[in-house]
Amino acid sequence: MKKFCALVMALVLTVLSAGCGGSSGASGEGEFAGQTLRVYNWGEYTGENLIANFEAATGARVVMDIFDSNEQMYIKVANGEAYDILVPSDYMIERLIQEDMLQPLDKSKLDCMDLLVDEVKGLPYDPNNDYSVPYFWGTVGIVYDTEKVSLEDLEAEGFNIFLNEKYKGDIYLYDSERDSFMMALKALGCSMNTSDQAELEAAYNWLLQCVNTMEPEIVTDEIIDSMAQGRKALGLIYSGDAAYIMSENPQMGFFMPESGTNLWSDAMVIPKNAENPDLAHAFINYVSSYEGAMDNSSYVGYTSPNKEVMEELSGEGGDYEGINAYTPQRDNANDEVFAYDEETRKVISELFSKVKIAASNAG
Amino acid sequence: MKKQKRPIGKFLMGLTLLFFYLPIVFMIVFSFNDSKSLTHFSGFSTMWYTKMFQSRDMMESLYTTIIIAVLATAISTFVGTITAIGLSKSRRLVRRLVLQLNDFPIMNPEIVTAIGLMLLFITLRIERGFVTMLLAHIAFCIPYVILSVMPRLRALDPNLADAAMDLGATPWQSLFMVLVPQLMPGIVSGALIAFTMSFDDFIISYFVTGGGVKNLSIMVYTMSKRVNPSINAMSTLVVVLITLVLVAINLEPLLRARREKKK
Amino acid sequence: MKKFSQLAIPYIVWAALMILLPLLLIILYAFTKPGNEFIQFSLTLEHFAKFFTDPDFLLVLWRSLVIAFKTTLICGVLGYPVAYFIARSNDRVRNILILAITLPMWINMLVRTYAWIGLLSDGGILQKLLGLLGFGEPKLLYTEGAVLLGMVYNFIPFMILQINTSLCKLDHSLLEASADLGADRFQTFWRVVFPLSLPGVVSGITLVFLPAVSSFFIPKLLGGGQYFLIGNVIENQFITVGEWNFGSAISLIMVMVMMLSMYAVRRLDRSGGREEDRL
Numbered sequence: 001m002k003k004f005c006a007l008v009m010a011l012v013l014t015v016l017s018a019g020c021g022g023s024s025g026a027s028g029e030g031e032f033a034g035q036t037l038r039v040y041n042w043g044e045y046t047g048e049n050l051i052a053n054f055e056a057a058t059g060a061r062v063v064m065d066i067f068d069s070n071e072q073m074y075i076k077v078a079n080g081e082a083y084d085i086l087v088p089s090d091y092m093i094e095r096l097i098q099e100d101m102l103q104p105l106d107k108s109k110l111d112c113m114d115l116l117v118d119e120v121k122g123l124p125y126d127p128n129n130d131y132s133v134p135y136f137w138g139t140v141g142i143v144y145d146t147e148k149v150s151l152e153d154l155e156a157e158g159f160n161i162f163l164n165e166k167y168k169g170d171i172y173l174y175d176s177e178r179d180s181f182m183m184a185l186k187a188l189g190c191s192m193n194t195s196d197q198a199e200l201e202a203a204y205n206w207l208l209q210c211v212n213t214m215e216p217e218i219v220t221d222e223i224i225d226s227m228a229q230g231r232k233a234l235g236l237i238y239s240g241d242a243a244y245i246m247s248e249n250p251q252m253g254f255f256m257p258e259s260g261t262n263l264w265s266d267a268m269v270i271p272k273n274a275e276n277p278d279l280a281h282a283f284i285n286y287v288s289s290y291e292g293a294m295d296n297s298s299y300v301g302y303t304s305p306n307k308e309v310m311e312e313l314s315g316e317g318g319d320y321e322g323i324n325a326y327t328p329q330r331d332n333a334n335d336e337v338f339a340y341d342e343e344t345r346k347v348i349s350e351l352f353s354k355v356k357i358a359a360s361n362a363g
Numbered sequence: 364m365k366k367q368k369r370p371i372g373k374f375l376m377g378l379t380l381l382f383f384y385l386p387i388v389f390m391i392v393f394s395f396n397d398s399k400s401l402t403h404f405s406g407f408s409t410m411w412y413t414k415m416f417q418s419r420d421m422m423e424s425l426y427t428t429i430i431i432a433v434l435a436t437a438i439s440t441f442v443g444t445i446t447a448i449g450l451s452k453s454r455r456l457v458r459r460l461v462l463q464l465n466d467f468p469i470m471n472p473e474i475v476t477a478i479g480l481m482l483l484f485i486t487l488r489i490e491r492g493f494v495t496m497l498l499a500h501i502a503f504c505i506p507y508v509i510l511s512v513m514p515r516l517r518a519l520d521p522n523l524a525d526a527a528m529d530l531g532a533t534p535w536q537s538l539f540m541v542l543v544p545q546l547m548p549g550i551v552s553g554a555l556i557a558f559t560m561s562f563d564d565f566i567i568s569y570f571v572t573g574g575g576v577k578n579l580s581i582m583v584y585t586m587s588k589r590v591n592p593s594i595n596a597m598s599t600l601v602v603v604l605i606t607l608v609l610v611a612i613n614l615e616p617l618l619r620a621r622r623e624k625k626k
Numbered sequence: 627m628k629k630f631s632q633l634a635i636p637y638i639v640w641a642a643l644m645i646l647l648p649l650l651l652i653i654l655y656a657f658t659k660p661g662n663e664f665i666q667f668s669l670t671l672e673h674f675a676k677f678f679t680d681p682d683f684l685l686v687l688w689r690s691l692v693i694a695f696k697t698t699l700i701c702g703v704l705g706y707p708v709a710y711f712i713a714r715s716n717d718r719v720r721n722i723l724i725l726a727i728t729l730p731m732w733i734n735m736l737v738r739t740y741a742w743i744g745l746l747s748d749g750g751i752l753q754k755l756l757g758l759l760g761f762g763e764p765k766l767l768y769t770e771g772a773v774l775l776g777m778v779y780n781f782i783p784f785m786i787l788q789i790n791t792s793l794c795k796l797d798h799s800l801l802e803a804s805a806d807l808g809a810d811r812f813q814t815f816w817r818v819v820f821p822l823s824l825p826g827v828v829s830g831i832t833l834v835f836l837p838a839v840s841s842f843f844i845p846k847l848l849g850g851g852q853y854f855l856i857g858n859v860i861e862n863q864f865i866t867v868g869e870w871n872f873g874s875a876i877s878l879i880m881v882m883v884m885m886l887s888m889y890a891v892r893r894l895d896r897s898g899g900r901e902e903d904r905l
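Chains as they are written, first to last, in our numbering: chain A, 1 to 363; chain B, 364 to 626; chain C, 627 to 905.
Simulated from the structure, these hints should not be mistaken for laboratory data. Mixed in with the good hints, there may be bad ones.
Claimed, not checked - Below, simulated DMTMM-like cross-link-like pairs (lysine to aspartate or glutamate); rule was C-alpha separation at most 25 Å, straight line:
#1 B:LYS399 x A:ASP130
#2 C:LYS846 x A:ASP65
#3 B:LYS399 x A:ASP170
Unchecked claim - Partial pick of chain B residues on the chain A-facing surface, computed with a CB cut under 10 Å:
#4 ARG369
#5 LYS373
#6 MET376
#7 ASP397
#8 GLU423
#9 ARG488
#10 LEU519
#11 ASP525
#12 GLY573
#13 LYS577
#14 LYS588
#15 ARG589
#16 VAL590
A quick note: this is a predicted structure, and the numbers were derived from the prediction, not measured. A virtual CB, placed ideally from N, CA and C, is assigned to each residue, including glycine.
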């Protein structure tokens, strides 16, 4: 047995040294040397070198945890998990502010607000940007295979194309309760912020019809590689993921229905129980700077709130030149921004978990 | 009935082994692919290994997995053995009750143990992270150790420790120099089970972790949404490590026997 | 000597805290209304009522039981001959085969399940192979078949090992006696070997059926996001919906159903055992 123990110990030591080797960059010089920043962010949402460069610049160490949905993030944070930075969406930020879970930003420590485009500043969820600095922004639309789906169908049907049995078994839905209900409500011509029981019920039935007749796959990030490989004809998608897919596979298109869609933004906030707010401010500055924003946006495909970066990437010679998904459309009067309402949230949450169960039972 | 060729049996056995190893071989092969695809092998490359070693997240998850497995194994083996010895000298009612309780984590579905522990840590306001993961692993490992030490204890002469003390051993000496060596096979197999359970665990770790602490399973689970052959590289590394350890364990008695023969 | 009994005390405290208390918490959550503080809670049965009055939830539970049943059946039917083959091999071969079967079990379960994704995915090897064999190119990944495959793959070693153990314990003189009394090989197998190996089959069933009912990452990885079993419903309640009280109630219901099914299996075993007495 001694040999076995020795082997295990040797193994542990190897890994230990490998682990230390990997993080040696973080323990170098810098204003925040030796400190740790805990970030809670979406999966597949940071540039390739963003974290490493931030660590090199500040000497701090970044621990990143990822979530799939705003709701999942909320539950962890509400149960006392301590992070320094969260990156929730608009309506969730509104909720966190209402429930007094965020600390106001110290604007004297922020030097990034002037770099950002006006459209993402001062939005209704946080009118003076007292709590949040935008991280990415965009819309929700339909990614489609231009060989399989005709533009006429899309223009005629909008989101109702997800009920068109021509595409049965060939569609992706997104596993997000608010955006699924957004799609259904917009398809029915309602406001996505409705709290009307009858309208929500109608949206629920719309979604039930979809999962019962269309054999959709309900996915999150799986949609990115799958659509880039052209696995299915249609999918509900965030504009940034569509931009990435279109840059990988020119056969794919992005469509936003006339009935309007969700103009969203995800923003960085600092929760009340953050252990290192100073470092968090430094992170916000870095992410918003040209260097950080460029790395993020060119790698991930989501629209940068940094004006210079957005214009460069969508302009001539940029990574996303000619890709409509990268530049959010801002001229449709039917587009809306999510608002938060506790009662409606409960209803939607309950109904959507039933939609997923129904989808599973239908299969 | 003695020596038959058993062609059907051999065929079935072969198919079973193919079934067991096909995905593993496939995974190893594609860890050396030089493109991102999981379906077309376009050429040999070690780029995914380079990526894996460069990814701090992946290396840290491997590190966390091994450290937790080693610590949980060591602690639960020690506590489990001591407890088993203690129980064997306890009143019958106490023993029966504790063993009943001990069976819960083994019999309960893992997800139930997992949410129970999560609720416990949240109720007691213990910050979730490395420590809670370790505590949870110890909690589900000890029962297996007790379970594998108990039968050896029953087979032991109950007066062994008394005899040792009559001969002048202190209680501790009689415990560690007389009882424990006798129980060694049970302790070792308990430790091995504990190690696998901890190394393998996903569900319980997933519910009790926090603060960005991930083990290998959680890593694979969160990364599996995108095509990422680095996961294959990581898995290959695990396969190689585990095979080495297992071969070492299985060769050890053979080698020792040979050495003893030489003497 | 009595001193040694004190060695168990730390663990008794630990077990009360880490095993008993969590279970009590689940029960407490299952029977109380959400949002109340520790001291004042209001008891309710509403979560159970919600589950049992909704056909969708009942259907998920039923489907989980059915797929676990199928998994167990396949594991039994495929595992038994394999275990039999191993048990009948000579010592050296048997040790090698058992090692070959246990080795994959040591490799992380998630890693092993993940390995199937590439094999099953569209354009993958298995799909092409089926295409060559004239089955068309069916969709494999994200289907119920894929989930079933994943479960069988993960759980069949338990079945093989349990049956093998009970077959190895078999007294060979019984077989000789049976042959001496004029039974042919099939009779010996059906009337002697199989009944005597039933305890192994039963513990194999326990080890396959229970984890199969509650599993949630196999359906998620191989069945896709729209494939829900009862384990996924529980996970969803805790991780995304945040209704812990309802989630706890569902777990309790699941445990009850499992205990009932295991009770039924044990009954079956006992009646099988009686037959063996008659023999």
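Supplied contact hint for B:GLU423, tested at 10 Å Cβ to chain A: 6 Å, holds
Given B:ARG488 as an interface hint, is its Cβ closer than 10 Å to any Cβ of chain A? 7 Å, holds
Interface hint status, B:MET376 versus chain A (Cβ within 10 Å): With Cβ-Cβ at 29 Å, over 10 Å, it is violated.
B:ASP525 was flagged as interface toward chain A. Is the shortest Cβ-Cβ separation under 10 Å? 28 Å, violated
Taking only the CA atoms, is the gap from B:LYS399 to A:ASP170 under or equal to 25 Å? Holds, because 24 Å separates the two Cα atoms, which is no more than 25 Å.
The hint names B:LYS588 as touching chain A; please verify it with the least Cβ-Cβ distance against 10 Å. Holds: closest Cβ of chain A sits about 4 Å from B:LYS588, inside 10 Å.
Hinted pair, alpha-carbon criterion (25 Å max): C:LYS846, A:ASP65. Please report holds or violated. Judged against 25 Å, a Cα distance of about 20 Å means the pair holds.
Min Cβ distance, B:LYS577 to chain A: is it shorter than 10 Å? 8 Å, holds
Please check whether B:ARG589 passes as an interface residue: C-beta within 10 Å of a C-beta belonging to chain A. Holds, because the Cβ-Cβ distance from B:ARG589 to chain A comes to roughly 6 Å (cut-off 10 Å).
If you take the shortest Cβ to Cβ gap from B:ARG369 to chain A, is it below 10 Å? 35 Å, violated
Does the interface hint hold: is B:VAL590 within less than 10 Å of chain A, judged Cβ to Cβ? 5 Å, holds
So, as I understand it, the hint says B:GLY573 touches chain A; can you test that by seeing if any CB pair is closer than 10 Å? Where the cut-off is 10 Å and the nearest Cβ of chain A is about 5 Å from B:GLY573, the hint holds.
In terms of the numbered hints stated before, the structure departs from hints 1, 4, 5, 6, 7, 10, 11, listed from lowest to highest.
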